[in-house]
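Engineer: Both chains come to you apart, so use the hints to assemble them.
Listed below, chain by chain, are the residues.
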Amino acid sequence: MTSLRIKYFYSIITILFIISFILSIFVGKYPLSIEKILAGDAMQLNVFFNLRLSRTLMAFLAGFTLSLSGYVYQTIFRNPIASPDIIGVSSGASLGVAIGIVFLSGSTIAVISSAFIGAMSAVIFTIAVANMTNKENITSFVISGVAINSLTSSALMLIKYVADPEGELARIEYFTMGSFASVTMDKIFYSLPIVVIICIIIFKMFRLITLLSLDYDEAKMLGIPVKQARNSILFLLTIAMAIIISITGRISFIGLISPHVVRLVNKTYSVTSMFFSSLLGATILLFSDCLARSLGESEIPISVLTSFIGAPLLIFLVIRGDRKC
Amino acid sequence: MLEVENLYVAYGKKTIINNVSFSVKPGTLCGLLGANATGKTTLLKTICNLLPYEGTCKLANADLKSLKQRELSQLISYIPQRCGVNISLSVLDVMLMGFSPMFSIFDTPNKTHRQLALKSLEIFQLSHKAHDNFLTLSEGQKQLVILSRALMQETSLMIFDEPDSALDFQNKHIIMNNIQNNITAEKIALLTVHDANIALKYCNRIILLGNSKIVADLDLSSATSGDIKKGFSNIYTDIDVIEYNGACYIIKT
Chain A
107 MTSLRIKYFY
117 SIITILFIIS
127 FILSIFVGKY
137 PLSIEKILAG
147 DAMQLNVFFN
157 LRLSRTLMAF
167 LAGFTLSLSG
177 YVYQTIFRNP
187 IASPDIIGVS
197 SGASLGVAIG
207 IVFLSGSTIA
217 VISSAFIGAM
227 SAVIFTIAVA
237 NMTNKENITS
247 FVISGVAINS
257 LTSSALMLIK
267 YVADPEGELA
277 RIEYFTMGSF
287 ASVTMDKIFY
297 SLPIVVIICI
307 IIFKMFRLIT
317 LLSLDYDEAK
327 MLGIPVKQAR
337 NSILFLLTIA
347 MAIIISITGR
357 ISFIGLISPH
367 VVRLVNKTYS
377 VTSMFFSSLL
387 GATILLFSDC
397 LARSLGESEI
407 PISVLTSFIG
417 APLLIFLVIR
427 GDRKC
Chain B
34 MLEVENLYVA
44 YGKKTIINNV
54 SFSVKPGTLC
64 GLLGANATGK
74 TTLLKTICNL
84 LPYEGTCKLA
94 NADLKSLKQR
104 ELSQLISYIP
114 QRCGVNISLS
124 VLDVMLMGFS
134 PMFSIFDTPN
144 KTHRQLALKS
154 LEIFQLSHKA
164 HDNFLTLSEG
174 QKQLVILSRA
184 LMQETSLMIF
194 DEPDSALDFQ
204 NKHIIMNNIQ
214 NNITAEKIAL
224 LTVHDANIAL
234 KYCNRIILLG
244 NSKIVADLDL
254 SSATSGDIKK
264 GFSNIYTDID
274 VIEYNGACYI
284 IKT
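Those protein sequences? They're chains A and B, same order as listed. Per my numbering: the first sequence = residues 107 to 431. Per my numbering: the second sequence = residues 34 to 286.
Isolated chain B, as found in the complex (with noise of 0.2 Å):
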């Protein structure tokens, strides 16, 4: 269970995230959305742990803010917004970098682990990069790249930072397949979106936030085209929710 009580986080006197608490429940894949500015990128990190704040965060009943930094990582593992990788490094030795949590200072990947790597890759289709320079990758690949290795690692919480944001219509739709599908029952995911019908197809919660708060949170699977429309009216104007085949999806009237 991931527990957030009374968060709050500041840039110098401006508040971005003011008194929020919510909880998430293992099994659940929960779509963060809002207006741009609205704190979820903040949310994220300070969940992560990477910036200051006052509350509470805990994953397992464990204080997240009281871990080591190499602790914390073989909780949580996360995606950025924009993928942090600078140098030419070769595909694989990108991917190899998510076993990381797991090694000592001097302690290098074996077989074991290149095997593992290659195989996480396979999910996308994209072995046979493995000896390409990660750099001239599209930046579509890269973010495949990045999130087969966020996969591979098989933490309890997975956070994600707009996950889709370079990603085309398909990929768009196979990378979160991929995410819904890791999502057992032991498993959190938690994820910002810009995308409201792709938070609606594969989230199971959906959490808006707006003036640094929540104004809406989701069920989805009790949630009714009402609600939804109730929910998302806190964060876009003039919108309608139809439904189609037993799925809604949001409309701008």
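Pulled out of the complex, with its shape left as it was, chain A reads as follows (with noise of 0.2 Å):
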């Protein structure tokens, strides 16, 4: 692949990107025309800052933090189909939102707050856990996800065990497939700059993430405080993270599919590939988020959209990639 193949790949994801960004202001049910916001339409404003606005701007949040955080973790992990998931942060947060629905007052406030502190406990447990072993290899890391995770997925099951079918455990299901439909400019407000903060300190320590990929000795004897430089940006990820899938509930496959994507064009990690795998994920949320808008009468759950493309899209690229090998 050359280096001009992958400039053209890049300006396409740029292309694409600036589409699915207008797309998503002026796809919806209410129609919206440039001439009439310029005049100043009440009601054309109304939608247009506190409806599309607000949820393009999340989509395109939700999609550049879950993929910069999916390319982040299969470089610390060194592993291509590591995902965020593999330390518990969705797993947590879905039990966040089913203790906030069931045991809590069940309101946006409660179910956002314990969806965030449910996200960062599994996480820091993982961490915790995986720091007793002795070993300083990775392996443990994914091990203790695999027990977090399935620790808080059988709490879930409990919890819906015992919810009220009729309406505590329809909502905590929804929350498990994703939406923006809830995304008001307040919310937007207030997690815009953690979130946004994290991405420019994750990109200013992208020379540290690739040490980190390095053997333990190697890595160390290079001056890096293993340990603790691996869980800080797992830390500080996991923040943005939690924030992101507290209002929007649990979006799969982006956080792996976007920087699978980009590798298969261009192998190398770089500051500059993690950025378009970023970009190509909010590009790919964007689309789909437009889609479970329009397709149909009610909205489609932004996980079914995104399993339906991601998943054909990454066997397709993986038998591709075989061949081309």
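Do not take every clue at face value.
[To be verified] Below are the DSS-like pairs computed for lysine-lysine, each with C-alpha atoms no more than 30 Å apart in a straight line:
(1) B:152 to A:113
(2) B:162 to A:373
(3) A:113 to B:162
(4) B:246 to B:46
(5) A:333 to B:47
(6) A:310 to B:144
(7) A:373 to A:113
(8) B:144 to A:373
(9) A:333 to B:175
(10) B:175 to A:373
(11) A:113 to B:144
(12) A:333 to B:101
(13) B:101 to A:310
(14) B:175 to A:310
(15) A:333 to B:46
(16) A:373 to B:152
(17) B:220 to B:175
[As the list claims (entries may be wrong)] Simulated restraints on C-beta separations:
(18) B:165 to A:253: 38 to 46 Å
(19) A:260 to B:152: 56 to 64 Å
(20) B:279 to A:238: 57 to 65 Å
(21) B:280 to A:253: 54 to 62 Å
Just so you know, the hints here were simulated from the structure itself, not pulled from any lab data. The beta-carbon is built from N, C-alpha and C at its ideal position, and this holds for glycine as well.
Structural biologist: Given below as structure tokens:
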């Protein structure tokens, strides 16, 4: 693959992103027109700012951050199929939501807070268990992640079992399928600055992230306090993902698929490929959300679409990649 | 001066290094030889503070155990037995990792660092590979890149664990020649090799390990062929030392 082809690929991602962003603002049940918005039509402005722009910004932010997280996880865990779910972010958030709905007031703020706390607790627990082992390899992370995922899943099943099937159970299930329908400008206002700052820090730490992909001894002898650096990066990403998942619900596949797609074109890990992988994630999620809003009478949950788009795409690209080898 | 005193290392109940003491003066290329599983790699890792140990390791009077990771890596460059690069990175990026001990978290390499890295790659005629994927290089080329990175770091102690393991005859000599040329009056290199003749040709001191202890310590500036045979007989059986053009070679009888 020549560098020129990589440049073309990145240009296509950029163009698709711009198209998806514009499309996301204008697609929906209520038609928007640029002339009316510019003319100051109150209804049009209300829909534009409070529904479409907030929703578009959140889809962008979610896709970008989840893909960025996927890219970093795949680098640190040296595994092309690693995703944020590996250490329990999503399952922790789902358990948090279930607790918020069934045992707390069930109000929006209670659900968002408990989802955030659930995600953070699951990851902190995973990191703590992994750090208790003497072994300095990533396998201990994966194993403790599997254990935490199983624990949170069984706790979630138990809560679902006791939940009111008419109201509570439906809300829990709806969360696990993800949606941007409840995104408002307020939520954007509180979440965007923190998530953007974390993303910038992660990009600035790219050199450190690649050093963490080395074997433990080599990374340490290059001056890296491996445990502290790895935990700090995972912790920062978890904050960003927990904020997003607590607002949007669980979004499948984005964190896994876009880094994989970018690396099939450009195998080398770099800050540029990390950026375009994140941008591709945002693009896929923006297109998926457009489809979610326009395919049926009522909105389709976002994870249904991301999985439907992501899984076959991944299979296609893996087969294509293998044939090329 | 590297000073190792009363070093004791164990994996669980198994003793790997038992009360080992030695010191190495600056300007020395010191080879560490011994049969498999005699603790050579463990000794190197211990000096790098990568394993828990009893005893003391000092470099220029600084206790290596008390140093922070970054301070330690500014003093010691280390090449492990197996290259630890696991993901696709450009050769240049792998080289630039060598500046890491000098950087704080958010620092990134600049143009000068890149030029230095390319210059170091040129030592082994690898600068044309700078933008290639490191993982696509042959094992020998990978070894050469990692070695150029270690030499580029200009540390006072260089520790190499079998730097010649993946190399052909020609590259083995190129690599050892370069290590030898980098040993200035202030630097020390400590390396493990399996080829005794390579060690005899390039090192000025050889420490032989056996049964978790030092079994012989040869200063090659003064050692006779008899001393060499006596020393190596502690770790190898049925050997003889022959002299050719003023140099000693070990052969299997």
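Engineer: With reference to the structure, classify each hint as holding or not holding.
Structural biologist: Checked hints:
The straight-line distance between the Cα atoms of residue 152 of chain B and residue 113 of chain A is roughly 28 Å, inside the 30 Å bound, and the hint therefore holds. Pair hint residue 162 of chain B plus residue 373 of chain A holds up; C-alpha atoms about 16 Å apart against a cutoff of 30 Å. A distance of roughly 20 Å separates the Cα atoms of residue 113 of chain A and residue 162 of chain B; the hinted pair therefore holds under the 30 Å criterion. The straight-line distance between the Cα atoms of residue 246 of chain B and residue 46 of chain B is roughly 17 Å, inside the 30 Å bound, and the hint therefore holds.
Our distance criterion of 30 Å between C-alpha atoms is met by residue 333 of chain A and residue 47 of chain B, whose separation comes to about 27 Å. With a C-alpha separation of about 18 Å, the suggested pairing of residue 310 of chain A with residue 144 of chain B holds against the 30 Å cut-off. Distance check on the hinted pair: residue 373 of chain A and residue 113 of chain A sit about 14 Å apart at the alpha-carbon level, within 30 Å; holds. Only pairs whose Cα atoms come within 30 Å are accepted, and residue 144 of chain B paired with residue 373 of chain A is accepted, the gap being roughly 24 Å.
Of the supplied pair hints, the one linking residue 333 of chain A and residue 175 of chain B holds, its CA atoms being roughly 26 Å apart against a limit of 30 Å. Distance hint between residue 175 of chain B and residue 373 of chain A is fulfilled; the C-alpha atoms sit about 18 Å from each other, no more than 30 Å. About 22 Å separates the Cα atoms of residue 113 of chain A and residue 144 of chain B, which keeps this hinted pair within 30 Å; it holds. Between residue 333 of chain A and residue 101 of chain B the CA atoms are separated by roughly 14 Å; this keeps the pair inside 30 Å, and the hint holds.
Distance hint between residue 101 of chain B and residue 310 of chain A is fulfilled; the C-alpha atoms sit about 23 Å from each other, no more than 30 Å. With a C-alpha separation of about 27 Å, the suggested pair residue 175 of chain B and residue 310 of chain A falls inside the 30 Å cut-off, and the hint holds. Straight-line distance between C-alpha atoms of residue 333 of chain A and residue 46 of chain B comes to about 26 Å, which keeps the hinted pair within the 30 Å bound. With a C-alpha separation of about 25 Å, the suggested pairing of residue 373 of chain A with residue 152 of chain B holds against the 30 Å cut-off.
Distance restraint check for residue 220 of chain B and residue 175 of chain B: the Cα-Cα separation of roughly 24 Å lies within the 30 Å cut-off, and the hinted pair is therefore satisfied. Taking 38 to 46 Å as the suggested C-beta distance range, the pair residue 165 of chain B and residue 253 of chain A conforms, at roughly 40 Å. Range check, residue 260 of chain A to residue 152 of chain B: Cβ separation about 58 Å, and the 56 to 64 Å hint holds. Evaluation of the 57 to 65 Å hint for residue 279 of chain B and residue 238 of chain A yields a pass: the beta carbon distance comes to about 59 Å.
For residue 280 of chain B and residue 253 of chain A, the Cβ-Cβ distance of about 60 Å falls inside the hinted range of 54 to 62 Å, so the restraint holds.
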